[in-house]
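A.B. asks: So the chains spell out like this:
There are 4 protein chains.
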Amino acid sequence: MGLDLFAGSSADRNARRAVWHDRSVISIPASPARAFASDNSAGAHPAVIAAISNVNEGHLLAYGQDEVTASCEARFRDLFGSDVVTRLTFNGTGSNLTALATMLGSLPGPNHAVVCTSWAHIHSDETGAPERLLGTKLIGLRSSDAKIAPDQLAELAHLQGVQHHVQPGVVSITQATELGTLYSSDEVAALCEQAHRMGLLVHLDGARIANATAALGGTREALRSFTIDAGVDVVSFGGTKNGLLGAEAVVFLNPAAAVGSEYVRKQVTQLPSKMRYLAAQFNAVLDDDLWIDLAMHANSMAGELHRRTKDIDGVELGAAPVVNSLFPILPPAAIEPLRQWCFFWDWDVSRHQVRWMTAWDTTLDDVAAFADGVRHVVADAIET
Amino acid sequence: MGLDLFAGSSADRNARRAVWHDRSVISIPASPARAFASDNSAGAHPAVIAAISNVNEGHLLAYGQDEVTASCEARFRDLFGSDVVTRLTFNGTGSNLTALATMLGSLPGPNHAVVCTSWAHIHSDETGAPERLLGTKLIGLRSSDAKIAPDQLAELAHLQGVQHHVQPGVVSITQATELGTLYSSDEVAALCEQAHRMGLLVHLDGARIANATAALGGTREALRSFTIDAGVDVVSFGGTKNGLLGAEAVVFLNPAAAVGSEYVRKQVTQLPSKMRYLAAQFNAVLDDDLWIDLAMHANSMAGELHRRTKDIDGVELGAAPVVNSLFPILPPAAIEPLRQWCFFWDWDVSRHQVRWMTAWDTTLDDVAAFADGVRHVVADAIET
Amino acid sequence: MGLDLFAGSSADRNARRAVWHDRSVISIPASPARAFASDNSAGAHPAVIAAISNVNEGHLLAYGQDEVTASCEARFRDLFGSDVVTRLTFNGTGSNLTALATMLGSLPGPNHAVVCTSWAHIHSDETGAPERLLGTKLIGLRSSDAKIAPDQLAELAHLQGVQHHVQPGVVSITQATELGTLYSSDEVAALCEQAHRMGLLVHLDGARIANATAALGGTREALRSFTIDAGVDVVSFGGTKNGLLGAEAVVFLNPAAAVGSEYVRKQVTQLPSKMRYLAAQFNAVLDDDLWIDLAMHANSMAGELHRRTKDIDGVELGAAPVVNSLFPILPPAAIEPLRQWCFFWDWDVSRHQVRWMTAWDTTLDDVAAFADGVRHVVADAIET
Amino acid sequence: MGLDLFAGSSADRNARRAVWHDRSVISIPASPARAFASDNSAGAHPAVIAAISNVNEGHLLAYGQDEVTASCEARFRDLFGSDVVTRLTFNGTGSNLTALATMLGSLPGPNHAVVCTSWAHIHSDETGAPERLLGTKLIGLRSSDAKIAPDQLAELAHLQGVQHHVQPGVVSITQATELGTLYSSDEVAALCEQAHRMGLLVHLDGARIANATAALGGTREALRSFTIDAGVDVVSFGGTKNGLLGAEAVVFLNPAAAVGSEYVRKQVTQLPSKMRYLAAQFNAVLDDDLWIDLAMHANSMAGELHRRTKDIDGVELGAAPVVNSLFPILPPAAIEPLRQWCFFWDWDVSRHQVRWMTAWDTTLDDVAAFADGVRHVVADAIET
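Chains as they are written, first to last, in this note's numbering: chain E, 13 to 396; chain S, 13 to 396; chain A, 13 to 396; chain Y, 13 to 396.
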């Protein structure tokens with residue numbers, strides 16, 4: 013009530029502080045080998061580990077002056093079919109801030125504001141890092157599906173030209189969104205057109221860009237359709253949630269927005285020293301589009317979990333997921349026993365809503381075992 | 013729709029860019045000598061001008077090491093009946109940021125967030141200065157009356173202790189609010205109690221603290237009841253909107269929150285060199301509580317304007333004002349002719365709502381003439 | 013030893029904390045009516061007070077949308093003979109930061125560094141406000157005369173293009189300098205040429221630009237010769253130290269460097285509400301070039317003081333001053349008695365060096381009385 | 013001339029832009045398998061790669077809520093024999109800024125300054141990241157050996173209490189220093205005592221703390237003697253330069269200085285998602301003190317290189333190295349041929365001084381081959 017910011021995370025308090033609980037509280041059936049907490053709870057794909065090991069021999073210059081990094085940059089140019097500028101970074105917050113700080117720095121004038129939704133990770137889940145490093149306001153628009161409509165941008169035009177108001181400079185969208193929804197290519201294109209008409213640049217937070225790509229066709233053409241072809245200026249290209257052990261890439265599709273990005277990356281503490289190890293991870297999954305396969309698998313496991321739980325009495329599930337997360341509403345009495353048996357996070361405590369998330373390594377057996385457990389525990393809770 | 017931030021100002025775009033229009037467009041009746049645009053459109057009270065002139069002779073050390081400033085600080089200690097720390101500043105934004113930066117600096121830990129309403133001047137009308145200078149997020153709570161309830165603060169407790177979320181550090185309220193409403197002393201006390209229980213400090217943006225004091229009793233006791241007695245830690249004590257030519261004061265009621273305030277003031281560019289001229293202005297209005305008299309007058313003129321216009325056909329006015337602003341809804345066709353005859357600002361263009369504001373120097377003649385004009389122009393607009 | 017930063021101020025510690033001492037400690041002769049502490053200890057010129065009084069009547073829109081401000085801006089265009097953009101501000105730190113933040117904001121890329129000398133006011137005497145508001149490094153070059161030579165800039169070229177180093181973006185020079193020295197027009201032009209060749213913009217901190225103008229010819233042509241004609245991009249045009257009660261102006265000579273300056277001014281808390289009062293002050297001294305006359309007088313009084321004290325046994329004075337400050341070395345035993353009789357600040361305690369400064373209102377009688385006192389006290393100190 | 017900042021790096025411009033040159037330009041002898049460019053050009057120790065692989069299986073909660081991280085934190089408590097707080101980070105800049113931002117945040121008052129030498133990595137080689145993220149000044153003291161003496165700190169006392177000056181808050185020393193020198197335990201203790209007496213906290217940038225530990229005894233007691241026992245408050249504990257593939261640790265020895273460090277780490281973009289992989293790296297080298305063995309080896313290889321090159325005609329080498337770097341002066345004509353044969357960086361171009369650095373994996377064969385090459389090429393250059 014009265015609080016829009018952080019709405020999405022308002023229920024996480026207990027969950028986020030949780031420890032990894034003992035999985036054997038409930039005897040029957042056995043809990044799955046992998047829980048449904050988050051895609052960043054998964055390990056790295058074996059090809060990624062192998063790639064790190066393979067580049068370990070000998071000396072290479074640090075800070076990106078090595079051939080592994082050069083080859084990674086070439087792969088990204090190939091991926092987008094364009095002379096994009098790629099800056100590897102450590103994590104998602106760092107990737108977003110390298111992108112946003114560079115974009116804002118490319119705009120003449122005062123510290124411009126960033127427009128996003130109140131669900132945006134940069135707005136709600138980065139501890140104020142954007143405000144601290146960018147020195148500017150994030151304008152958090154309200155949205156029921158975590159997407160921004162062109163009209164909402166247009167409404168901000170009244171701020172422009174008034175010296176008492178922050179001047180919007182960048183609009184940042186998330187694809188797939190924090191709510192597991194997707195922009196169509198046309199929607200992104202329409203938003204980019206509106207933004208550019210108003211003099212704003214467009215950033216796409218792609219922490220789960222692989223899941224979006226998988227959902228929108230599963231091809232490089234699909235990726236391009238909602239990014240470079242739609243007019244997006246800069247992408248935070250996620251890796252860690254999709255089978256890497258820790259690497260992200262900022263891909264500047266619009267070279268004009270990349271000016272000074274190498275300095276900005278260092279200023280926001282995101283310049284890796286032994287960069288070969290980050291590059292090698294991306295190289296491993298960009299080859300043969302393994303990154304798309306991994307995300308397709310994660311998405312399909314979420315679909316499978318939906319199919320196997322949607323008809324369970326007491327479980328409220330909406331439409332089938334488009335990417336790799338479900339947001340079921342459960343009988344209150346079922347939540348803790350189920351979580352102790354196999355961990356997951358709360359989503360909206362006030363509605364007894366939780367989040368189940370699949371990963372690149374989730375197996376059909378995991379899904380089957382988990383669905384069995386849900387059926388078992390929910391039935392138990394309803395009976396009681 | 014979807015935009016909470018800046019809602020209050022969303023309609024000002026044209027108005028704020030306006031130039032001071034020719035007042036004689038409409039022949040009858042004559043426009044008032046003083047318009048109803050803002051209390052900061054007024055000049056300074058003659059006693060203020062005289063005070064400046066009176067301290068002009070001779071040399072005095074700069075930066076506050078002079079007897080005029082010392083005497084001003086003594087007056088503030090007397091005003092609050094306590095050993096408060098007073099830092100004079102140039103303007104409201106500077107006053108708020110000297111206060112907030114000092115308060116945040118007194119809290120150990122990361123850059124803490126500031127909690128306010130989405131109507132707050134610091135949130136909507138300071139061009140992102142707070143984010144730039146404080147390096148932190150402003151959490152803008154939704155509120156229909158521009159006031160924060162203790163429950164709204166309590167709802168933020170879920171952010172505390174979670175490393176992914178900004179940690180609230182200061183709650184900033186405005187008295188009188190940006191919507192012309194008032195907190196009672198009890199309401200402020202309840203909010204302070206909740207804030208302190210959660211480990212937050214309380215800032216009161218008193219750009220119109222004089223109007224609030226006048227409305228809540230018109231005595232020093234009234235002032236103390238909603239500030240120091242209620243538990244407020246730091247006050248931005250406004251002067252410029254109440255008859256000064258340009259001076260504000262940050263008054264630290266809680267000395268623990270004042271640590272380092274002299275350095276912070278300089279860091280946010282608010283250390284006046286020839287401080288005697290700011291001190292003299294405050295001295296002039298603090299003597300004999302002229303500051304309260306000026307605000308009572310402004311408030312009463314708003315009441316008078318309400319009485320004289322509330323029954324005019326086509327003018328929608330709510331309850332009588334408690335301070336010095338009215339927010340009438342007018343027939344669309346009446347707004348521009350009326351504004352050209354005697355200037356005022358838009359408030360919410362989508363509702364044809366405007367703002368009329370009185371000042372310390374508004375006269376009964378001004379009010380009478382303006383009410384006549386409103387009657388005249390609105391009738392004309394309705395007929396057409 | 014080992015400390016370059018703050019060298020100039022390293023001795024001020026006691027002095028800056030000083031209170032205004034009783035002037036009558038030594039009986040003979042009588043102390044002057046005005047001390048020699050600083051030009052910001054002086055009051056305002058009567059024409060300035062009158063101007064404030066003259067614009068006090070009636071309502072005018074705030075934030076610079078008034079005719080007094082418009083007319084002030086016109087005067088600055090006239091002064092520089094060019095379509096300059098002028099932003100009025102409250103004080104010197106605010107003026108410098110409005111200038112620097114706007115200039116840095118006009119450069120694409122990361123947060124660029126500001127190059128200055130280690131004597132620069134922005135470097136040593138602004139409590140780290142520049143680093144806080146600009147979020148960047150100040151590179152403080154060593155200099156014996158507080159001036160930067162083109163070669164020193166050229167040496168910084170090795171930083172350019174290296175991602176591990178801050179990228180210089182603006183060079184800030186002070187005229188007259190903190191040590192009372194002057195750049196010739198040719199020197200400024202050579203520095204600007206070097207800076208521009210390297211892609212840097214040039215800022216001139218003119219807190220005492222009037223004294224520099226007076227010393228370099230005392231005409232508007234003189235002013236232009238070392239500013240707009242020399243290639244300077246932005247000037248902090250000082251007023252407060254030259255007879256105003258409190259007003260400064262940022263004058264953007266290069267319009268490309270002014271983009272967004274109205275927002276930046278607000279972001280650094282320097283947007284005055286009742287701007288008419290700042291504009292009126294400048295209008296008063298720009299008319300008939302009173303500002304030059306006042307500075308010429310201050311300079312000449314410093315020259316006179318030099319003439320009357322340079323031959324006193326025990327007083328070490330260098331060459332005659334070019335502007336309004338002297339930096340004598342005194343017998344240690346003379347300093348405190350002399351200061352208590354007529355206040356001045358220490359400069360370099362380790363060398364027993366102090367600073368005497370004249371102002372627009374210093375009289376020949378003041379100088380004569382002060383010189384007598386010096387002669388008296390120094391003789392006494394030497395004898396003892 | 014006139015430039016102290018960046019003196020150490022003033023010559024790197026070409027070198028830092030260098031590409032990894034063809035090693036076969038000179039026919040005889042064969043270039044070594046590993047160059048002498050930097051310890052961050054080396055790969056990771058096999059035990060580190062193995063450790064990463066070993067923790068890869070299965071799901072673990074992200075952001076440090078996993079048992080691998082818990083066990084790493086326990087190892088650091090054991091290492092320092094105290095209840096220290098450890099925060100893992102990605103890289104050195106991030107480690108330093110997590111430390112400094114937390115320390116400054118623990119001090120009440122304004123943005124305090126950081127005192128360091130002009131050689132400090134934070135001052136010269138981090139692109140202004142500290143100023144951007146901390147919003148404060150770095151006071152870069154001059155030093156011929158990259159060390160700070162207690163007297164230099166004491167000289168800063170004159171800044172304290174003066175509102176016009178930044179207030180020193182933290183002193184940051186580097187061990188081993190950027191010049192390859194070392195503080196003795198007594199020197200650190202004396203500096204800490206002086207700092208604490210003045211109210212400052214002490215940070216130790218230990219990017220090469222392993223090399224320092226190895227040089228000062230090669231035991232955990234040695235480590236403690238110049239850190240926790242000497243009074244250091246917070247350490248940046250380096251890993252990447254000593255055989256890790258990429259992990260650093262901020263170790264808060266003084267728990268009072270650790271308040272809020274988990275939020276600060278996230279605010280400066282240094283919170284790793286899959287933290288198990290960073291923890292595993294440290295676990296691998298903390299076990300059996302492999303980290304000390306690796307550094308002892310690197311140090312000894314530098315000693316060996318010194319022994320084998322110090323008597324070569326034309327090579328000027330000072331005393332034997334205490335850690336793992338040499339700074340020889342070479343005949344100008346020898347530098348480029350030698351570099352093309354086996355890469356290394358320039359140090360001070362004006363003096364023809366270069367840097368040779370050994371790593372954990374440098375072999376005696378590498379040293380022997382490199383020394384042969386030096387002898388060969390230098391002789392050739394001198395003849396010509």
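Just so you know, the hints here were simulated from the structure itself, not pulled from any lab data.
Here a beta-carbon is modelled for each residue, glycine too, at the ideal position from N, C-alpha and C.
The reader is advised that the hints may include incorrect statements.
[What the hints assert, rightly or not] Some chain S residues well away from chain E (every beta-carbon gap over 12 Å; in silico):
#1 Tyr75
#2 Ala82
#3 His124
#4 His133
#5 Ala141
#6 Gly147
#7 His170
#8 Arg209
#9 Ile341
#10 Val361
#11 Ala381
[As the list claims (entries may be wrong)] Partial list, computed: chain E residues near chain Y (C-beta under 8 Å):
#12 Ala49
#13 Asn68
#14 Leu73
#15 Ala74
#16 Leu119
#17 Arg144
#18 Ala161
#19 Pro162
#20 Tyr289
#21 Val361
A.B. asks: Run every hint past the structure and note whether it holds.
C.D. replies: Do the hints match the structure? See the list:
1. Against chain E, the non-interface label of S/Tyr75 holds: every CB pair exceeds 12 Å, the least being about 27 Å.
2. Listed as a non-interface residue, S/Ala82 keeps its Cβ farther than 12 Å from every Cβ of chain E; the least gap is roughly 35 Å.
3. Not every beta carbon of chain E lies more than 12 Å from that of S/His124, the smallest distance being close to 8 Å; the non-interface claim is violated.
4. Not every CB of chain E is more than 12 Å from the CB of S/His133 (nearest about 9 Å), against its label as outside the interface.
5. Distance to chain E contradicts S/Ala141 as a non-interface residue, since its nearest Cβ pair spans about 9 Å, not more than 12 Å.
6. Annotated as non-interface, S/Gly147 brings its C-beta within 12 Å of a C-beta of chain E; the closest such distance is 4 Å.
7. Chain E draws S/His170 into its interface by the beta-carbon criterion, the shortest separation being 4 Å against a cut-off of 12 Å.
8. Look at S/Arg209: its CB is around 17 Å from the nearest CB on chain E, clear of 12 Å, so calling it non-interface holds up.
9. The non-interface label for S/Ile341 is consistent with chain E: the shortest C-beta to C-beta separation is roughly 19 Å, beyond 12 Å.
10. With 12 Å as the threshold on Cβ separation, the claim that S/Val361 sits away from chain E is violated: the shortest Cβ distance comes to roughly 9 Å.
11. With a minimum CB-CB distance of about 30 Å to chain E, S/Ala381 clears the 12 Å threshold, and the non-interface call stands.
12. For E/Ala49, the interface hint holds, since its Cβ comes within 8 Å of a Cβ in chain Y; the closest pair sits about 6 Å apart.
13. Here the hint on E/Asn68 is kept, as its CB sits about 4 Å from the closest CB of chain Y, short of 8 Å.
14. A distance limit of 8 Å between C-beta atoms decides the matter here; for E/Leu73 the minimum to chain Y is near 5 Å, and the interface restraint holds.
15. Interface restraint check: E/Ala74 against chain Y, minimum CB-CB distance 4 Å, threshold 8 Å, status holds.
16. Of the supplied interface hints, the one on E/Leu119 is violated, with its beta-carbon coming no nearer than about 17 Å to a beta-carbon of chain Y, more than 8 Å.
17. This hint holds: E/Arg144 has a C-beta 5 Å from the nearest C-beta of chain Y, less than the 8 Å allowed.
18. At a threshold of 8 Å, the smallest CB-CB gap from E/Ala161 to chain Y is about 30 Å, leaving the interface hint violated.
19. A hinted interface residue such as E/Pro162 counts as satisfied when its beta carbon comes closer than 8 Å to some beta carbon of chain Y; here the least separation is about 31 Å, so the hint is violated.
20. With a least beta-carbon distance of about 5 Å to chain Y, the hint placing E/Tyr289 at the interface is held under the 8 Å criterion.
21. Against a cut-off of 8 Å between C-beta atoms, the interface hint on E/Val361 is violated, since the closest Cβ of chain Y lies about 19 Å away.
Checked against the numbered hints listed earlier, the structure breaks hints 3, 4, 5, 6, 7, 10, 16, 18, 19, 21; every other hint is satisfied.
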